[in-house]
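Here the structure of chain A is known, so what remains is to put chain B in place on it, guided by the hints.
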Amino acid sequence: MTRILLEGFALGLSAGIYCAGSCLAFFMPYLMAEGERKIPSNVRKITSFLAGRFIAYIAFALIIGLIGNAYRDVFTSGASHICLIGASLLMLGYSVANLIKGRHDGACSSYVSRSRLARVPFFLGLFTGLNPCPPFLLGASRILTMADVSGGAVFFAAFFAGTSVYMAPLIFVPYLARGERIKQIGMMVAFLSGVWFLVVGIAGLLR
Amino acid sequence: MKNGSFRKSAGLAFGILGVLAVLSFVSAGRDVPLLLAKLSWSTVVAFLGFRIYRDGVISRYRAILFILTAFLFFLEFKFFRFISFGNTPSAPYCHIAEASTLSNFVHSQVLAIKSGDWRVWGVLTMGFLWLLIIFTIGQGICSWVCFFGGIDEGFSKIAKRPILKFKAPGRWRDLPIAFLIFILVVTFLQGLPVFCSWFCPFKMTEAFWAADPVTRKAQAVLFWSILAGAVIIIPILTGKRIFCSFICPFGALVSISGKASPYAVTIDKEKCSRCGKCMEVCPSLAVETTASGEYKTTNFCTRCSKCIDICPSDAISIFSGPSGARIDTRDIFIFLSLLVAGALSGSFVPNVFLRLAGLR
Numbered sequence: 580m581t582r583i584l585l586e587g588f589a590l591g592l593s594a595g596i597y598c599a600g601s602c603l604a605f606f607m608p609y610l611m612a613e614g615e616r617k618i619p620s621n622v623r624k625i626t627s628f629l630a631g632r633f634i635a636y637i638a639f640a641l642i643i644g645l646i647g648n649a650y651r652d653v654f655t656s657g658a659s660h661i662c663l664i665g666a667s668l669l670m671l672g673y674s675v676a677n678l679i680k681g682r683h684d685g686a687c688s689s690y691v692s693r694s695r696l697a698r699v700p701f702f703l704g705l706f707t708g709l710n711p712c713p714p715f716l717l718g719a720s721r722i723l724t725m726a727d728v729s730g731g732a733v734f735f736a737a738f739f740a741g742t743s744v745y746m747a748p749l750i751f752v753p754y755l756a757r758g759e760r761i762k763q764i765g766m767m768v769a770f771l772s773g774v775w776f777l778v779v780g781i782a783g784l785l786r
Numbered sequence: 005m006k007n008g009s010f011r012k013s014a015g016l017a018f019g020i021l022g023v024l025a026v027l028s029f030v031s032a033g034r035d036v037p038l039l040l041a042k043l044s045w046s047t048v049v050a051f052l053g054f055r056i057y058r059d060g061v062i063s064r065y066r067a068i069l070f071i072l073t074a075f076l077f078f079l080e081f082k083f084f085r086f087i088s089f090g091n092t093p094s095a096p097y098c099h100i101a102e103a104s105t106l107s108n109f110v111h112s113q114v115l116a117i118k119s120g121d122w123r124v125w126g127v128l129t130m131g132f133l134w135l136l137i138i139f140t141i142g143q144g145i146c147s148w149v150c151f152f153g154g155i156d157e158g159f160s161k162i163a164k165r166p167i168l169k170f171k172a173p174g175r176w177r178d179l180p181i182a183f184l185i186f187i188l189v190v191t192f193l194q195g196l197p198v199f200c201s202w203f204c205p206f207k208m209t210e211a212f213w214a215a216d217p218v219t220r221k222a223q224a225v226l227f228w229s230i231l232a233g234a235v236i237i238i239p240i241l242t243g244k245r246i247f248c249s250f251i252c253p254f255g256a257l258v259s260i261s262g263k264a265s266p267y268a269v270t271i272d273k274e275k276c277s278r279c280g281k282c283m284e285v286c287p288s289l290a291v292e293t294t295a296s297g298e299y300k301t302t303n304f305c306t307r308c309s310k311c312i313d314i315c316p317s318d319a320i321s322i323f324s325g326p327s328g329a330r331i332d333t334r335d336i337f338i339f340l341s342l343l344v345a346g347a348l349s350g351s352f353v354p355n356v357f358l359r360l361a362g363l364r
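Here the protein sequences line up with chains A and B, keeping their order.
Under the working numbering, read the first sequence as residues 580 to 786, first letter to last.
Under the working numbering, read the second sequence as residues 5 to 364, first letter to last.
Because the hints were derived from the structure by calculation, they are not lab data.
Quick caveat: nothing in here was measured; it's all calculated off a predicted structure.
Incorrect hints may have been included.
[What the hints assert, rightly or not] On the chain A side, residues computed to face chain B include the following (Cβ under 7 angstroms):
| id | residue |
| --- | --- |
| 1 | I596 |
| 2 | A599 |
| 3 | L603 |
| 4 | A604 |
| 5 | Q763 |
| 6 | I764 |
| 7 | V768 |
| 8 | L771 |
[Unchecked claim] Computed far set for chain B versus chain A, every beta-carbon distance over 10 angstroms:
| id | residue |
| --- | --- |
| 9 | A182 |
| 10 | G233 |
| 11 | C276 |
| 12 | E284 |
| 13 | E292 |
| 14 | F352 |
| 15 | G362 |
[Claimed, not checked] Simulated restraints on C-beta separations:
| id | chain 1 | residue 1 | chain 2 | residue 2 | range |
| --- | --- | --- | --- | --- | --- |
| 16 | B | E284 | A | I750 | 39 to 49 angstroms |
| 17 | B | F51 | A | G672 | 54 to 64 angstroms |
| 18 | A | I750 | B | L226 | 28 to 38 angstroms |
A virtual CB, placed ideally from N, CA and C, is assigned to each residue, including glycine.
Extracted from the complex, chain A is given alone in its bound form:
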């Protein structure tokens, strides 16, 4: 078990920069727009995001461990693209509601205030957790060779810990994003990322 733990952690550490990059496209604009210059508040948002990712990782490891190799492609390709579409739609809804709110105060304010709750980073983490990036696929291949459901879950938990190290600097993103203008730019980045990855997700499903 210790060997599986170390192996998962080492894989996470070595490939985590790519995982962080994948999440960055979604989570960085959110932090630019919503982050505060208070470490506890930012830690809460990042923890919520990581909790979503953790659940996605463990769920993926358990499902792959239970159903085995036969349905692997369904999860590493089909489901991951659906999750990408989910994350994109979440970002699109969030950014459009905020951009409209800025223009017509009151029209979407109830929706925005609800979505501003800690749920947005959690669901972003959940959807981006199932990302078809190379290190994730490498981890998926490894747990298929284990033929051990609990071992797979432990491997992915350690993989999650290794990749999460690279998320720590995100705490400081809101410190760079000072002022209302930067928040608006963050919202626009969220909108552009949402549109781009929605198209990427749909194209991936159609292929």
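Then chain B, alone, in the frame of chain A:
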């Protein structure tokens, strides 16, 4: 801007000609026709400089040089491709691509410097040359030097008066900065030049077209849409540089890094009559009003100087230094901008002359 004396204007023009002539001798070597073409082009640049200083009108002569250079650039690197069947020069270093792949570019610079091979530095450090230009003339690069911006400006000048009024877009003027951040993240993630493949309406090479026919069609739709909409139709209708103002990632990068340049177009609050003409004519949508109704230029100002020429109160100029001790430096700025524009365009415009004369 007031008319300059003949002696001063001629002196500055000869200064420009002298520097460009030295560069021509160095770069042309023993190729006499090329040297003559380079000297001719240097004379054109110096003459336009003379007219700017002499007549006191900056934007008109700047636009002639800027649009002519852009037109000749496309003639050299795009049009001749079709008529010479492959015997064309390779596409030049693209500064817009540098901005959109900045993270990858910085990495390649580190590798080049670590290699210790100056020949590698020579190619890769073109980016540093652009940065040096940014630190010198700042955002002026977008209205004096950029070959792509000249195309956008050319179309924006077709209609004498704007057919559609384009209102100042408020916070949406920051869209290119958001687009730059988005492009940097996606390019880093996918390891591909996403801007060049999908959004660039000036594709200089065919390397960015996908092999897969469906993807290629999608790229073509986006390419023609941006080219037709942001570079041709909307600029003609509004008189504004739409691609440069809302899409160009290099423009966004320059709007941030250009703050390092000592030259800035500044509106004198006391002289300003608040007629709003500067805001109306600004092709880059870079003039805004403050809460107290004062006009001011933003980071997106490309130093095209249209506002300087049109201001009835002579309240706008190019200044350097802190607000308390500002010095009018427009003569120096124009001198430097013409030198940079002349030196860079001098690397391809003379070739166009030679091709047109049948000597190449």
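Taking the least C-beta to C-beta distance, is Q763 of chain A closer than 7 angstroms to chain B?
holds, 5 angstroms
With a cut-off of 7 angstroms on the beta carbons, see whether A599 of chain A makes it to chain B.
violated, 10 angstroms
For the hint on I596 of chain A, does the least C-beta distance to chain B fall short of 7 angstroms?
Violated, because the Cβ-Cβ distance from I596 of chain A to chain B comes to roughly 10 angstroms (cut-off 7 angstroms).
Would you assess whether C276 of chain B, listed as outside the interface, keeps its beta-carbon beyond 10 angstroms of every beta-carbon in chain A?
Non-interface label stands for C276 of chain B: nearest chain A Cβ at 24 angstroms, farther than 10 angstroms.
Holds or violated: the 39 to 49 angstroms window for the beta-carbon distance between E284 of chain B and I750 of chain A?
holds, 45 angstroms
May I ask you to test the hint 54 to 64 angstroms on the CB atoms belonging to F51 of chain B and G672 of chain A?
At 58 angstroms between Cβs, range holds.
Is the shortest C-beta separation between I764 of chain A and chain B less than 7 angstroms?
holds, 5 angstroms
Over 10 angstroms from every CB of chain A: does F352 of chain B meet that, or does the non-interface label fail?
The claim holds: F352 of chain B sits with its nearest Cβ about 34 angstroms from chain A, beyond 10 angstroms.
If we take the beta carbon of G362 of chain B, is the closest beta carbon in chain A still more than 10 angstroms away?
holds, 48 angstroms
Once the closest CB in chain A is found, is it more than 10 angstroms from E292 of chain B?
Fine: 12 angstroms to the nearest Cβ keeps E292 of chain B off the interface.
Just to be careful: measuring from the Cβ of V768 of chain A to every Cβ in chain B, is the smallest value less than 7 angstroms?
holds, 5 angstroms
Classify the label on E284 of chain B as holds or violated, using whether its beta-carbon is more than 10 angstroms from each beta-carbon of chain A.
Correct as stated: the minimum Cβ-Cβ distance to chain A is 24 angstroms, above 10 angstroms.
This entry does not satisfy hints 1, 2, 9, going by the numbered hints stated previously.
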